[in-house]
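Protein chains: 2
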Amino acid sequence: MSDFGWQPEALDGAARAGHLHTAHGIVATPTFMPVGTVGTVKAMTMDAVRSTGAGIVLGNTYHLMLRPGAERVQALGGLHRFMDWPGPILTDSGGFQVMSLGSLRKLDQDGVTFRSHLDGSEHRLTPERSTEIQWALDATISMCFDECPALPASVETIAASMRLSMRWAARSREAFVARDGYAQFGIVQGGTEPELRAESVRALTGIGFEGYAIGGLAVGEGQELMFATLDATAPLLPADKPRYLMGVGTPDDLLGSVMRGIDMFDCVMPTRAGRTARAYTGFGTLNLRNARHATDPAPLEAGCPCPACARHSRAYLHHLFRADEMLGPMLLTWHNLTYYQRLMAGIRAAILEGRLDAHAADLRSRWQRGEQP
Amino acid sequence: MSDFGWQPEALDGAARAGHLHTAHGIVATPTFMPVGTVGTVKAMTMDAVRSTGAGIVLGNTYHLMLRPGAERVQALGGLHRFMDWPGPILTDSGGFQVMSLGSLRKLDQDGVTFRSHLDGSEHRLTPERSTEIQWALDATISMCFDECPALPASVETIAASMRLSMRWAARSREAFVARDGYAQFGIVQGGTEPELRAESVRALTGIGFEGYAIGGLAVGEGQELMFATLDATAPLLPADKPRYLMGVGTPDDLLGSVMRGIDMFDCVMPTRAGRTARAYTGFGTLNLRNARHATDPAPLEAGCPCPACARHSRAYLHHLFRADEMLGPMLLTWHNLTYYQRLMAGIRAAILEGRLDAHAADLRSRWQRGEQP
Chain A
968 MSDFGWQPEA LDGAARAGHL HTAHGIVATP TFMPVGTVGT VKAMTMDAVR STGAGIVLGN
1028 TYHLMLRPGA ERVQALGGLH RFMDWPGPIL TDSGGFQVMS LGSLRKLDQD GVTFRSHLDG
1088 SEHRLTPERS TEIQWALDAT ISMCFDECPA LPASVETIAA SMRLSMRWAA RSREAFVARD
1148 GYAQFGIVQG GTEPELRAES VRALTGIGFE GYAIGGLAVG EGQELMFATL DATAPLLPAD
1208 KPRYLMGVGT PDDLLGSVMR GIDMFDCVMP TRAGRTARAY TGFGTLNLRN ARHATDPAPL
1268 EAGCPCPACA RHSRAYLHHL FRADEMLGPM LLTWHNLTYY QRLMAGIRAA ILEGRLDAHA
1328 ADLRSRWQRG EQP
Chain B
968 MSDFGWQPEA LDGAARAGHL HTAHGIVATP TFMPVGTVGT VKAMTMDAVR STGAGIVLGN
1028 TYHLMLRPGA ERVQALGGLH RFMDWPGPIL TDSGGFQVMS LGSLRKLDQD GVTFRSHLDG
1088 SEHRLTPERS TEIQWALDAT ISMCFDECPA LPASVETIAA SMRLSMRWAA RSREAFVARD
1148 GYAQFGIVQG GTEPELRAES VRALTGIGFE GYAIGGLAVG EGQELMFATL DATAPLLPAD
1208 KPRYLMGVGT PDDLLGSVMR GIDMFDCVMP TRAGRTARAY TGFGTLNLRN ARHATDPAPL
1268 EAGCPCPACA RHSRAYLHHL FRADEMLGPM LLTWHNLTYY QRLMAGIRAA ILEGRLDAHA
1328 ADLRSRWQRG EQP
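Those sequence lines, one after another, are chains A and B. Note that the first sequence covers residues 968 to 1340 in our numbering. Note that the second sequence covers residues 968 to 1340 in our numbering.
What the hints contain is simulated information worked out from the structure, not anything from laboratory work. One thing to keep in mind: the hints can contain errors.
To be verified - To give an idea of the interface, some chain B residues facing chain A are shown, with a C-beta separation under 7 Å as derived from the structure: (1) Leu1043; (2) Leu1085; (3) Ala1290.
What the hints assert, rightly or not - Which stretches of chain A does chain B cover? Using the computed rule of at least three CB atoms under 8 Å from a CB of chain B, they are: (4) 1001-1012; (5) 1033-1044.
We put the beta carbon where it would ideally sit given N, CA and C, even for glycine.
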């Protein structure tokens, strides 16, 4: 085991290429983390996830604590063994999902009491319990337990929420048991208010974490405001620590965020879209349920090495979705995750070669141009 | 391309080991054919199917003619390319499934008119059209179009149905376009009446086919009566042609049928059971939804090379089914097909070594003993 850390390799503008060193392996950054909600990346075996080029995956504290239960996962050897992913795993803190429960949850200064969406049973999360759960799951990277206000909200509400999250960050840090190669990330909050974001960064860097996440974005504020918030926030973060933008996003979101200094991403988009016949490609998105694909012998995306593209026609993928066959979601999830990994690898290569602006212009032009006739 | 044929390798009692030579490759027999109803073995990629050891798969004429349509599959290069299975494919004739439509179908001496279960549209199958569809699909082995009476039925009804099927067999043969390495199998009918079965065999061998199937069994008559019918029928079939028992069955059915001279099988059991948490193993079946598996770190079946067993615990498989995650059906289908292929490989090895009786006794004793505590 080695110390946890992020090693820079190259800069291109604000964009960074590097390597994340962890107890469970090294990950090239910038990186996209597929979401493995309850111990499975939906519709994928972990061998398939590996084959897409993914280096690190995400697990959800909220879902895993309810089913099968953190202590059960721990007794079974931890989440790595449970889900067959010996590589690094980042777990969220449960905060975002608990806050999304609406009337099913009750917030106090100490934590949150909530009812399970599965069976209505009552549970409680605090910074201490969230940190303990993530430890029990054997998360390579644990996240601080934070509070996310429902938007829209007043600046006062966002400020109060951010300050509560900062107090919880201190308690999460206190509860965190350091281990070689493991990490805990603080989460910057403060909505789209640059001054609140700056205050949040000061609070977190005052505590000190192995990495810093930016939370509370991609919740409906729009890409422009999200990018503006990144412009105001990312430069304040320590240059020698990894930066993770939570829950983002589309390929264009990822590109723009890397160009603003972000190293790590997670999002359900490629997996969720894959289950609903929507494909991400270098020429934009397309819906394979569309009748125009019914007789098309061409691959979904020429040159893509995933089995959906390498072995099948669009007509076959269309047929699978029309027939409600599981193989449709399986193949299209595989493709979308492959596309996201290839996208990140291409961006990383461009950073290393100092040509990110040109690469970004090329990517955007292909996405906008759409498919060649 | 080479001629189609079955080459015997060893006999052990009535059981036969050999090789099936086809335009799309050689298959060791006895063999189990996974069912790929509409151009996909449910919940499996074809790479996964290959990894189980399967050498030949089945496609369904009824389902494929309705969606996506036989001529569309043909235009896309045939079923092998469509579903990414370059190996041999056997297609059923649609007869069994059309007969199962009950009030949605109308039988006459020339064929069957029926309404699609998908959209109510009217379609017609005759021996000629079924044979043409199977040719369009590029089936390595086509089946004769036959009529299967709903059971229970009088001997007179079964006799009349069998004789109609024999007339249809002659018409199917007439319509079949011979190609090197391709085959058409006749289907022996006649219920559980030995004399009707014998009459059916005489009719079919009088026409002459590359192989012979036994149909109309495993429809509720029970294993004892099925085996008695095989005992009466199989010895009448040409010794130098492959024999296929349609729609069978449990591991014990397969064993008993091989011992009565059957070479080929297909059944939805391993795939359907896999989607409903039921596992086939060397020590019988078990249901992974059962709470006793919730904390069990042991593999489903020690020594099984499938990813469900090699990489995961029973507790994980239990969790996936409880959480309704697609990976549960995916992994358990993979396991069940692997078990069926290993079962057939073990039976084949025993035939080659002349120890099938002892092997059968051992298999049955393990199935009946159930799991060791």
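Hint check:
| no. | hint | result |
| --- | --- | --- |
| 1 | Leu1043 | holds (5 Å) |
| 2 | Leu1085 | violated (9 Å) |
| 3 | Ala1290 | holds (5 Å) |
| 4 | 1001-1012 | holds (count 7) |
| 5 | 1033-1044 | holds (count 6) |
The structure is inconsistent with hint 2 alone, although it conforms to all the rest.
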